[in-house]
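Enquirer: Now for the letters of each chain:
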Amino acid sequence: MSSTISTKPWFALLSFIIGIVVIWYLAALLMNGKQLINTLERKKQDWTYTQVASQAYQIPRPMLPAPHQVAAQLNKSVFQVAIDSKRSLIYHTGITLQSTLLGFVLGAILGILIAVGIVHNRTLESSLMPWVIASQTIPILAIAPIIVVVLGALNMTGVFPKAVISMYLSFFPVTIAMVKGLRSSDVMHMELMRTYNATQTQLFWKLRWFSAQPYLFSSLKVAIAAALVGAVVAELPTGAQGGLGSRLLSGSYYGQTEQIWAALLMAALLGSVLVFVVGLAERVILSQRGNANA
Amino acid sequence: MLAVHESEDFEQLNVLRSSRRQMIGIEDLSLVFPSADGDVHALSHINLSIKQGDFVSFIGPSGCGKTTLLRVIADLEKQTEGNILVDGTSPEDARLNRLYGYVFQAPALLPWRSIYDNCALPMEISGRSGPHQAEQIDKYLKMVGLQDFHNKYPWQLSGGMQQRASIARALCIEPELLLMDEPFGALDEITRDHMNMELLQIWQQTQKTVVFVTHSIAEAVLLSTHIVVMSPRPGRIAKIIQSPLPRVKTLALRDDERFHALAGEIRDALAQDHAID
Amino acid sequence: MLAVHESEDFEQLNVLRSSRRQMIGIEDLSLVFPSADGDVHALSHINLSIKQGDFVSFIGPSGCGKTTLLRVIADLEKQTEGNILVDGTSPEDARLNRLYGYVFQAPALLPWRSIYDNCALPMEISGRSGPHQAEQIDKYLKMVGLQDFHNKYPWQLSGGMQQRASIARALCIEPELLLMDEPFGALDEITRDHMNMELLQIWQQTQKTVVFVTHSIAEAVLLSTHIVVMSPRPGRIAKIIQSPLPRVKTLALRDDERFHALAGEIRDALAQDHAID
Amino acid sequence: SQPLTLQLKWVTQAQFAGYYVALDKGYYEEAGIDLTIKPGGPDIAPAQVLAGGGADVIVDWLPSALAIREKGLPMVNIAQIYAKSGLMLTCLKSSGIKTPQDFAGHTLGVWFSGNEYPFLSWMSKLGYDTTGGDGVTVLKQGFNVDPLFQGQADCISTMTYNEYGQVLDGGMSDDELVLFKYEDEGVATLEDGLYVLEDALADPAKVELYAKFLKASIKGWEWAAENPQAAGELILEYDDTGAQTEAHQVRMMSEIAKLLGGSPEGIGYLQPEAFERTVSVLLDSEGTPVITQKPEGAYSHLVFDKMNAL
Amino acid sequence: MRKSMLNMLAFLVFSLQFLLAFNLTDGSYLQSPSYLFLLVAALISAIRLMTEMTAYVDAKPNAGSGLKAVVPSIFAMMLVMLWQSLVLGFAVSPVLLPSIKSIVISFVNNLPLLWADFQQTYLKAVLAGYVLGCSSGFIVAQLASKSLFLRNGLLPLGNFMSAIPIVGIAPIMVMWFGFDWQSKAAVIVVMTFFPMFINTLAGLQSVDHLHQDLLHTYGASSNQRFVKCQFFYALPFVFNALKLNSTLALIGAIVAEFFGTPIVGMGFRISTEVGRMNMDMVWATILVAALAGSLSYGLLALLEKRLLFWHPSVR
Ligand SMILES: Nc1ncnc2c1ncn2[C@@H]1O[C@H](COP(=O)(O)OP(=O)(O)OP(=O)(O)O)[C@@H](O)[C@H]1O
Ligand SMILES: Nc1ncnc2c1ncn2[C@@H]1O[C@H](COP(=O)(O)OP(=O)(O)OP(=O)(O)O)[C@@H](O)[C@H]1O
Ligand SMILES: Cc1ncc(C[n+]2csc(CCO)c2C)c(N)n1
Ligand SMILES: [Mg+2]
Ligand SMILES: [Mg+2]
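Chains as they are written, first to last, in the working numbering: chain F, 304 to 597; chain A, 4 to 280; chain W, 4 to 280; chain C, 75 to 384; chain Z, 417 to 731.
Interface residues of chain W toward chain Z, partial, derived using beta-carbon atoms under 7 Å: (1) L79; (2) R98; (3) A109; (4) W115; (5) I128; (6) Y156.
To spell it out: a stretch of chain F is covered by chain A in this simulated footprint if at least three of its residues, at any positions, have a beta carbon under 8 Å from a beta carbon of chain A; those stretches are: (7) 485-499; (8) 506-513.
Just so you know, the hints here were simulated from the structure itself, not pulled from any lab data.
Each residue gets a CB set at the ideal place from its N, CA and C atoms; glycine is no exception.
Given these sequences and hints, build the entire structure.
Expert: In structure tokens, the structure reads:
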């Protein structure tokens, strides 16, 4: 294979980013321009296209802030203020990160435990499994306030209620994948263990646990992204106590579109980093066990 | 004629082996796999007695129930009718006592364990991983020609090498009874010859009992004390042939008259009621 | 001695087949698989000429490059050095002209298609699924003994039956050139014998060219006009043996003197630089 | 000092300046109260927090408090901080709306989540069907004033002290807009008041605690009303989201000062006439009245009187 | 004999407590905690019944789906019983958690309203968004499977985008696409696109080397490769995404309605009734959502079973 520049991952990504930025500028011009024209017409002022084009990237409440506006906002709230200041996006990212991580860990543990139960106990399998699925059809934002209030009534405040909501979203992919993974052991290997008269525990630790690992890791990547979404959602009903979610909301109250976009990008960035870290852990751990695909 | 031959066989066997204890006794055993479009009679009225120290080969066309019969002995499958005793107990007790070692048709190595660790697995599980575990594993890996591959992972080995590793794994625990399902199917002839001789040597030295499934008539003749010819639909025993060859064998035997005669006899038995389907 | 023998062979071949056109011509072909821990020299300086109508078997220990060489011919792999012509064109053109049929080492049936539909696949793809498609498929499924299994799915068949289905699939399109990679490895001896005879018959009747990989010396002797013995590390041709047996063969040939002599010659060639690894 | 938790109805902003000033200046501390302020938000129903025991005192609006009381949660108004309503409907002049009679066929943005009661009463008083048909089209307005800018609604709900300012900041001027204040339309209802659970009032110790709390809060409110600039700046300190701007909070504080006082009894006294007026607005609505009967014991002057006696 | 007696007893205890749960007076458990023993006994009974039923159903290899639904049903009844008993027995405020009974009553009384909400949210927003999101994800994945360039660019971006929380996207979509169902559909498109894209791509690339080679020897065109082979390999993955997306889409629509809607829709209902403290109505709507979600999941699972009859996971 000739390794021309166009087969390089970075080249493709860069082209896409450039493409997106260009489209973004165009869309901003169109959307904000239309809004600007409406405003001017309402004020019964004359306008020209050049005038609109030149002002589209400066209007006060843009429908779509231009990339450089968002970048400026990001720069301002990340680099221009002290990290522990409430105006620092890093500070809010930290708050969200806390409940994300706690929720992720709780969710992963819960997910694994449920899966282990389902795989080892037929009663649990037939009774619990349909309800695990049904649980995910309940809109979390609807019951998030209730969870927060009930936990608050039980004197649990701070990160914990938020982590519980994260956990609710993140346990599901882990359970589903782990059930599949724990069952994915080769029939032949299962029988091999049977000829050795292995106990359930030996079967689990010497076989099932390993065949489940690839499933576990790919589901952990989904779960940590879900945990982040949960943490952000949970910041709405816990009151504006900081975090990317409340940045999103307050940005929304006060019509600070740039702030919304900055928080959004930050959340996506945080999510990507978290997924990347899980992927890294996956590669290290799977390569230790000599995985062919690592 | 077949009936006569069979009964002759049985008599002979009884005389010959009266001094040794029975390792496997199967009486009128049948096994039916229920299935949506009609039951499959995988085994039908099997009678078989295998004495300690025998080397018995099962041979027969694809789908005649060789694997199934081996699996019944190993307590991986339960008969629908009839009785079976393994070393005087039920197959389940034999399994729980870790009486036998089983070599599957495919290598069945755990991909996350090195070759060495794969061999150590049965010992770990039975809690027998004492100090001489390493010695034992070394010995058998060397026997199958894998002494330089201790730390490789299964997927770094060719199919034939994997199969040999799985044989070493079964041998390591030195079981009383070896159940082997086409263990050498994936090997080229030269390697196969080598493995045959090694297996014969182990068997001669240790007086183990071996039950062996193969597709190769030559292999069956070379290795076995008794050859069980099976036929399909329903899976049953067509003929049991006792080998006239000496227990101590060499590859040179292949040019022996008796070798060819025996091979011919097996081929004939196989050809009877064999139809391609 | 080997060198002498080889050159002799070549001369003979040239004389014998001068009238027929060359189907495959390979000149000083090498193939290296780059890999993290050292390159693998799968094929090294291969020279080979196969005439139209030949039946050529590749034999050699596991890992010697038989499959790789067949894959180069089929344009599934590209050589790193050297030249190859298939029917006078590049392997790619030959493939695009649907010149050959390939039988893989494993059955490679599509699980969502019935046996019949699996056989219809190559015709569908080449747009040749005309009115006599059904006839054609019927004919070859019958030949491999699967006439009653048209509507079954691959996973409802035993391994050997699947392999036969895949052979029927390759035969259906009646290609000029048949490339077969251990097609009968999964079959028992009787079925194998039967398939061998069927294959011989097709070959004799239609004057196809067949390139055939096998592990079985007997099979190679029985089927081939030429036997290519390969050896590993690096993968190369150790010897090319022309068969002294007649083109029209029967199973009885197996008791022929010449059969045994040829088999012995091949075994010796194989034993040379074979070591258990 | 005794712990006490206050649940706000909305996010930290000058709307609640009094409590933050009192907290910051140590008024609660002086009164022996260790106060925790929980900010609210669109997803927080203060009454639910009160019922769940997450707060002792909540800030809520009277209409939703009365509706919830009818649902069976016995909450009682112990003090009315805002004497006047700041709610209004802000319309685009370009939509052709000049009077409430012009609403027909137009799209109006309304806040729900318990804030919709005064609006529904008003519409039913005007005789508009709010469920479509030939009445008005109602939108559940989000958190902000965007629908007005993007032409998705002809009128939107605004608070004099908050969203209206944002409309102006967004580039609209007074002369492009038509305002309908609920106060002027005779459909004003009482807004921010302090509520507790009924049974707490049976405990004299609690009443005393609330009285001390109320006293400190009112002191805070008075300070805030006098020092809008400083109060606005102070709010920024307490805003955990770091999103507010000083200018907006200062303006909010000055607007809120206009809603606070008025009664001779001072900030915090619930005028029974004002209460009755709210009740009648709510009862008035035909079809689906917000409350079905005159509420009993929905407010109490116990705490206010106790405060004056301190 | 003793076993069936025990089972009978368990059934009786469970039924008794189940009926009792709906007739408890408020705060019974606070007044006389000894009632709690019956509750515990009923829980143990339910677990026993489920264990026995599982064993029974397992023993019947071709049990009908009706029989298979028994165990989950007992589990559901156990939850209902527990909820109802605890809410009534401990006199939990209806503002916090309504009783099952009141949820069912308001569900029945408000059927027309709930139906209208269901139409708005499910039949308009969810279906439109789901179909659009899933099909575009599938198509783009097909393009990407052919182009390394697209893959290299889209995969990292896909990861990045799927980490954006919906609560952030929803207000923007409402701003762009208006208050009606279109903006909800847009949110769903964004939410469902990448799971479908990533899954389909993985599926298209999961084609067995052997089958790839086989089609190569036939000189198949890239379209033939897709139609005859890749598509089938992708199907199991596609169904995974379809099932995952079916729950995501519903949640997405409901959450998006929190950020602005016309005054109809399940999300609107939930947020409005929470404000009004009509928790029974809130839970009735949640019930509709759970029913719709589970039903569509179940239907997809059924369809999957039909179409993937040949796949090892099904047969
Ligand atoms: N789990 C099963 N369910 C249904 N039928 C089965 C099952 N296992 C085996 N069979 C059937 O039982 C028969 C015997 O199978 P078995 O695997 O024992 O054959 P075999 O002699 O080992 O063949 P081969 O030489 O191909 O390994 C076959 O017809 C097969 O189709
Ligand atoms: N894709 C590949 N990458 C790296 N090495 C390869 C690859 N394919 C084959 N090889 C190596 O090339 C050599 C020849 O392999 P090949 O499959 O041609 O052997 P073979 O003669 O067909 O063996 P067998 O009898 O086991 O089928 C082997 O050493 C193998 O490990
Ligand atoms: C969902 C929602 N509800 C209400 C408001 C408006 N709001 C802002 S402050 C305030 C007063 C509360 O005491 C109100 C009603 C909103 N923006 N979004
Ligand atoms: Mg078998
Ligand atoms: Mg090969």
